[in-house]
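*Asks:* Single-letter residue listing:
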Amino acid sequence: MSEKRIYCDHSATTPLHEEVLNEMLPFFRTNFGNASSVYKEGRESRKAVELARDRVANAIGAEPNEIYFTSSGTESDNWVLRGISTKKGKHIITSSIEHPAVLETCKDLEKKGYEVTYLPVDEDGLVSPQEVKDAIRDDTILVSIMFANNEIGTIQPIAEIGEVCKNMGVPFHTDAVQAVGNVPINVKEMNMDFLSMSAHKFYGPKGVGALYVRKGLRLANFLTGGHQERGRRASTENVPGIVGLGKAIEIATNDIGNKAEYLRKMRDRAIERIEKEIPYVKLNGHREKRLPGHVNFSFRYIEGESILLMLDLNGVAASSGSACSSGSLDPSHVLLAIGLSHEVAHGSLRLTFGRENTLEEIDYVVDKLKEIVERLRFMSPLYEGVEKEV
Amino acid sequence: MMYSEKVIDHFSNPRNVGEIPDADGVGEVGNAKCGDIMKMYLKIVDDVIIDVKFRTFGCGAAVATSSIATEMILGKTVDEALQLTNKAVADALGGLPPVKMHCSLLAEEAVKAAILDYKKRRGLFIDDSLAVCEGCCDACYHKQDDEEVHEE
Numbered sequence: 001m002s003e004k005r006i007y008c009d010h011s012a013t014t015p016l017h018e019e020v021l022n023e024m025l026p027f028f029r030t031n032f033g034n035a036s037s038v039y040k041e042g043r044e045s046r047k048a049v050e051l052a053r054d055r056v057a058n059a060i061g062a063e064p065n066e067i068y069f070t071s072s073g074t075e076s077d078n079w080v081l082r083g084i085s086t087k088k089g090k091h092i093i094t095s096s097i098e099h100p101a102v103l104e105t106c107k108d109l110e111k112k113g114y115e116v117t118y119l120p121v122d123e124d125g126l127v128s129p130q131e132v133k134d135a136i137r138d139d140t141i142l143v144s145i146m147f148a149n150n151e152i153g154t155i156q157p158i159a160e161i162g163e164v165c166k167n168m169g170v171p172f173h174t175d176a177v178q179a180v181g182n183v184p185i186n187v188k189e190m191n192m193d194f195l196s197m198s199a200h201k202f203y204g205p206k207g208v209g210a211l212y213v214r215k216g217l218r219l220a221n222f223l224t225g226g227h228q229e230r231g232r233r234a235s236t237e238n239v240p241g242i243v244g245l246g247k248a249i250e251i252a253t254n255d256i257g258n259k260a261e262y263l264r265k266m267r268d269r270a271i272e273r274i275e276k277e278i279p280y281v282k283l284n285g286h287r288e289k290r291l292p293g294h295v296n297f298s299f300r301y302i303e304g305e306s307i308l309l310m311l312d313l314n315g316v317a318a319s320s321g322s323a324c325s326s327g328s329l330d331p332s333h334v335l336l337a338i339g340l341s342h343e344v345a346h347g348s349l350r351l352t353f354g355r356e357n358t359l360e361e362i363d364y365v366v367d368k369l370k371e372i373v374e375r376l377r378f379m380s381p382l383y384e385g386v387e388k389e390v
Numbered sequence: 391m392m393y394s395e396k397v398i399d400h401f402s403n404p405r406n407v408g409e410i411p412d413a414d415g416v417g418e419v420g421n422a423k424c425g426d427i428m429k430m431y432l433k434i435v436d437d438v439i440i441d442v443k444f445r446t447f448g449c450g451a452a453v454a455t456s457s458i459a460t461e462m463i464l465g466k467t468v469d470e471a472l473q474l475t476n477k478a479v480a481d482a483l484g485g486l487p488p489v490k491m492h493c494s495l496l497a498e499e500a501v502k503a504a505i506l507d508y509k510k511r512r513g514l515f516i517d518d519s520l521a522v523c524e525g526c527c528d529a530c531y532h533k534q535d536d537e538e539v540h541e542e
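Residue numbers (the numbering used here), protein chains in the order written: chain A, 1 to 390; chain B, 391 to 542.
Simulated from the structure, these hints should not be mistaken for lab results.
Any given hint could be a false lead.
[As the list claims (entries may be wrong)] Simulated crosslink set (EDC-like; lysine to aspartate or glutamate; CA at most 16 angstroms straight-line): (1) 443(B) <-> 384(A); (2) 423(B) <-> 330(A); (3) 166(A) <-> 134(A); (4) 47(A) <-> 23(A); (5) 433(B) <-> 395(B).
Remember, predicted model here, so these are calculated numbers, not experimental data.
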């Protein structure tokens, strides 16, 4: 067994970038001041927070005063869904493949008298802008559609959905947690009113996120208390985290085209080899409209958690949409929403590559995967008939 | 979630994988929808299990419980094998995470199902307790609110 680890789960989280860590470090001990304090220590922290805000705004084509720092992507999503004005009604439109941060919040809001439309997706996981348009009613207060899906990597026609919402006069929120740092984003050109992001998905620290709120739009405060974030989000600023978020997004969006190209090479190599060398597989998610480092396959006749465990024993970290890897009874709601049977959904594997991976590593992972799939299929009663036909 | 070393051992190096073409009893429990299927083959001579093989579709715990269950019933009489409980299977593996306890049930059920099949083939008396469940083991297990089930 190899000692070296190959990390292929960048959609779950990413390692902190060295330069990000270096920018953060002074703010733990040397410049530890509270950003709200008037003295020098406080002013240093304030300056750092505002520089981070500029960097975030710059990365997504927003104004600095449209950016609010939060504790996570989940908090940003909650803030929008729970804070949007209900003057016009209580109808929200979302998709059936959202992250639980949106889906579970919508379910909670339903218990509180909201009505939620969960739009279906096609077999590639795409939401139709026309269906968004058709679902909008007089009492619709928000459309919330994720930019790119965490499980299958599909990138939505987000600018078109944004245009539909703009034309219909309905605020549009996108959970862009998986997209920021992977896909170029411009909130103005894409007609976004709210956008959620999370630093640890693009080589920033955990425990810090941001929400873009288009100028002129208001959300009810989610956290009440002090007057931080211009009175909109109470709680002492997580200065090191915010500094890290700012630096991470600056690095991730600088030369984003070439970075994505590097990931795409690894992704396409993995997809090509798996499809060519392993029988009875299905690529999940859209073939072209997908995140640059994102691979998701279903392997017929075997179960995802066993694949993960075997990969782990061979030094590879990956992820699965099988029920067994989550502890729930059902496999991933995303895989079921794109029409997979329970059996095929149980056999899914997600590999998400990042900046520190290499093509050689991808080849090693696929080589191991071939052996593992063969081994698990030999063990599977579902493969018995198939094996004899071959 | 943490697996014990014993689970990882039985998962990465499972004992008695395969099938017995001229088995005297074959049992299959679980279904693909649940994410677990266990199929067990028994060779029985003079009421003693002289060979056992399994095939499992499922998670690491499902493979490990199948593997250790085959070791636990090999060389035993049919009646002794019927005494195998899910708790004994889990204990032999050094314990299972709570969300995986149902996998040990699946192993107990697979042994029972194979013995039921053997008794049917031989026209032997079949006790009511041998009824094999067709639902999802985890559904059953979670319904019992994580208490030990199949334990009188």
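*Asks:* All the hints need checking, so say for each whether the structure fits it.
*Replies:* Against the structure, the hints:
1. The straight-line distance between the Cα atoms of residue 443(B) and residue 384(A) is roughly 14 angstroms, inside the 16 angstroms bound, and the hint therefore holds.
2. Between the alpha carbons of residue 423(B) and residue 330(A) the distance comes to roughly 9 angstroms, so the proposed pair stays at or under 16 angstroms and holds.
3. Restraint check for residue 166(A) and residue 134(A): the C-alpha separation of about 14 angstroms stays at or below 16 angstroms, so the hint holds.
4. Simply put, residue 47(A) and residue 23(A) have alpha-carbon atoms about 13 angstroms apart, close enough for the 16 angstroms limit, and the pair holds.
5. With a CA separation close to 30 angstroms, the supplied pair residue 433(B) and residue 395(B) exceeds the 16 angstroms bound.
The structure fails to meet hint 5 from the earlier list, while all remaining hints are met.
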